[in-house]
Amino acid sequence: MNHRTLTVVSFVSFVSCVSVGLFAQIPTDAWPTYHGDYTGRRFSTLKQINTGNVKNLTLAWVYRINTSRAGAIVGGEGPETPPPGGSTPSVKSTPLMINGILYFSVPDHVYALDVRTGREIWHYAWKTRGGDHIGNRGVGILGNWLYFLTPDNYFVSLDVATGKERWHHEIANMKREYFSTNAPMIIGRQVIIGVGGDALDIPGYLESRDPESGNLVWRWNTTPRGSEAGANTWPDEDSMAHGGGMPWIPGTYDPDLNLYYFGTGNPQPVLAGFSRAGDNLYTCTIVALNPNTGKMAWYYQVTPHDTHDWDAAQTPILIDGDFNGRPRKMVAQASRNGHYFLLDRATGEHLLTTKYLDSLNWTKGINAKGQPAHDPAKDASVPGTLVSPDTSGGTNWPPPSFNPETGLLYFGTRQGFSVMYLTDTDGRPQGWAAAERNVAVVGNALKAVDYKTGQVKWSRPLAMGPAGSAGGPMGLLSTSGGLLFGNDGGSNFVAYDAATGKPLWHAGLGANTSNGPQTFMVDGRQFIVVGAGDALYAFALQP
Amino acid sequence: MTGVHAQQQALTPVTDQAAVERGKALLVEQCGFCHGANARGGSGGPDLTRSVVVQEDEGGKQLNAFLRVGRPDRGMPKFDMPDAQAADLAAFLHSAIYLNANRRLYKILDIVVGDPKAGQAYFNGAGRCSTCHSASGDLKGVGAKYEPTVLQGRLLMPRGRPGGRGGAPAGSLYMEPTAIKVMVTLPAGESASGGLVRLTDFDVTLYDTAAGRVRSFLRNGDVPKVVVTDPLQAHVDHLSKWTDTEMHNMTAYLASLK
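Respectively, the protein sequence lines represent chains A and B. Here the working numbering is used: the first residue of the first sequence is 58, the next is one more, and so on. Here the working numbering is used: the first residue of the second sequence is 1277, the next is one more, and so on.
These are calculated hints, taken from the structure and not from any lab test. Some hints here could point you the wrong way.
Here are some of the chain A residues that sit facing chain B, going by a computed Cβ distance under 8 Å [claimed, not checked]: (1) N230; (2) M231; (3) L443; (4) V476; (5) V496; (6) V499; (7) P523.
A virtual CB, placed ideally from N, CA and C, is assigned to each residue, including glycine.
Kindly produce the complete structure, drawing on both the sequences and the hints.
Laid out in structure tokens, this is it:
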């Protein structure tokens, strides 16, 4: 065990230093937050690997997910024997890389790996009580301590050096179908986490927890209560107190404005809106909060009165640049509802809305505030309503990338068509309240959108299978090497020319990449690390 | 919020159906006036299926502890109920919550509400369906052959054989007549064609109908030449054209072809 301790000796000083830094750009030798920095751009200035030499990129190592409790540090409140029905987890977390060690998670498991070799340093296994094990987005680290969430809604802290547990706190009750997937976002002394769950009509909330005790510092409900602002967008107390709006994906942060930006989930009941007439604030909304107090500075709702499960959880990306000839601090989102939004991030002022999905058929156009106008005729109905995109949306949670050198925002899109059938005709419908039948998926693509105009600069069709288009939303990384790393929907990890979308290099990984790719320098070599299904892969140029 | 995935639930089904029935009768008799006959709220009483006390209850224990005290300040009287009865009541409520939470168990209602005559006119007119199909030919008896939801799904996209979710297993879909087709022509002039198995920027795989086997080719830009055709292109193009009324009318028309 001694070598493990030695590996992390310089860790404490390093993290204390960068954690109070501003994370305005991804460091070249570390990846200290979910997005690498606070901006959500997933853009690295590294260029050892570039358009000229990427064809020589080669495998450095593979780490296959190990879920065995043998040899692991075991914690948790669940039974010794895991509940049945567990499937092989997929890597959806973006690892943190600090001082030569990668820290990442899948549901119920956290790993520390040596970034040079891909070898396990420690493995922590959580005995689960159950809950939806759909995914885990990763860990947060402050000083000597690591933080993560479990599907059965525990907030857990581990010692980064050893993986030993410090404490755990329950943050929501799984019997109400809450489950937790978020990666904790650490801003100063605030550890910001959010809950998930949409099977029952439960309320969403974002919390800040104290990094030492794990106790609650503040909680922000994603829907109003009583006569709070926004209450007039719901018909009554019951509908807003059960109105959903899960903040299930980590957000971004502007240290100058001291604002935390994140997107909230869809309202409940999911596909039936008739018991919650109104815009249903603050669901499907981009929210700016003061991270010290949890007080809202401004909001912009990207889907008023959603009835199609299109949360606004997609990364709100911070862009500094010109808009209409003057410099602006902006926030952009390629949203699940098929539209691109650009806002002023100091004030929330709406700047631009464009449609990025050709098949989109559910709005009455764009209203005066730049919001897609709800068309009641495209709500789920008893005899069926044909809607595009389908409930998984035009895009989804996988992290997009913005490259300030090309001015392009990159994201994967999916054009599904579904018939949505209202199944719960009671005046007080519950849960999803409707059934969905997918009928076709046509024309999925990797798209590059000019942030200033919202127009698609280039679009690369994704793979096809016998039934139609494959792939769709994907994690992306762009670099100063002129490259964009993503997948092709056909299980290839691909390096694209960021300017044109031309594929320059690929590797078949047997599964589509399932998290956000990342990059950093290790001992003078630039590594590219990505998860695909049940494994993590590292690539580099041969020395 | 989670899109298309194999949904896992924290809740488990209530297996004692007799207890559920007894609990339902109890609810109607003792709670229904305020909380509604389906427990979703009534004249003044809140929705019990959304109640935190009920959702977090185990086997009626916490529920009965609450009932013994009630909430007099809000007009909820206390109830003295034997534990067995509270357990029955809880069984019904947990069963209702389980059914609310599990969208795979939702039942699609009667979807045949359209006008079959308008559907027939669309079939022969604006829809141009009769270009390829005939009510007395390939669609003869189609209304008796398929459930309405399957019929509606196949009207929109008849790829593969009807079956479970998404039709026939993907492994054999490329052998079906309705599969997307691809023709690959090598620089020397040799060509292969058949059902599309897979197409990426880097490779193409097809089921060679003539050879009766799967073949794959690496791609380098435009070499070899790859041409994709879809026998269901008219259906694909029509996805953006349907109005829901036309879809309902066509469903009613096809359902009438018994």
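Taking the hints in turn, this is what the structure says about them:
Restraint check, N230 of chain A versus chain B: the minimum CB separation of about 6 Å is within 8 Å; hint holds. The interface hint given for M231 of chain A is met, as the beta carbon of that residue sits about 4 Å from the closest beta carbon of chain B, less than 8 Å. The beta carbon of L443 of chain A comes within 5 Å of a beta carbon in chain B, closer than 8 Å, and the hint placing it at the interface holds. Among the interface hints, the one on V476 of chain A holds; its C-beta lies about 7 Å from the nearest C-beta in chain B, closer than the 8 Å criterion.
Because the closest C-beta pair between V496 of chain A and chain B is about 4 Å apart, less than 8 Å, the hint holds. Interface hint status for V499 of chain A: upheld, as the beta-carbon distance to the closest one in chain B is roughly 6 Å, under 8 Å. Interface restraint check: P523 of chain A against chain B, minimum CB-CB distance 4 Å, threshold 8 Å, status holds.
The structure is consistent with each of the numbered hints, conforming to all of them.
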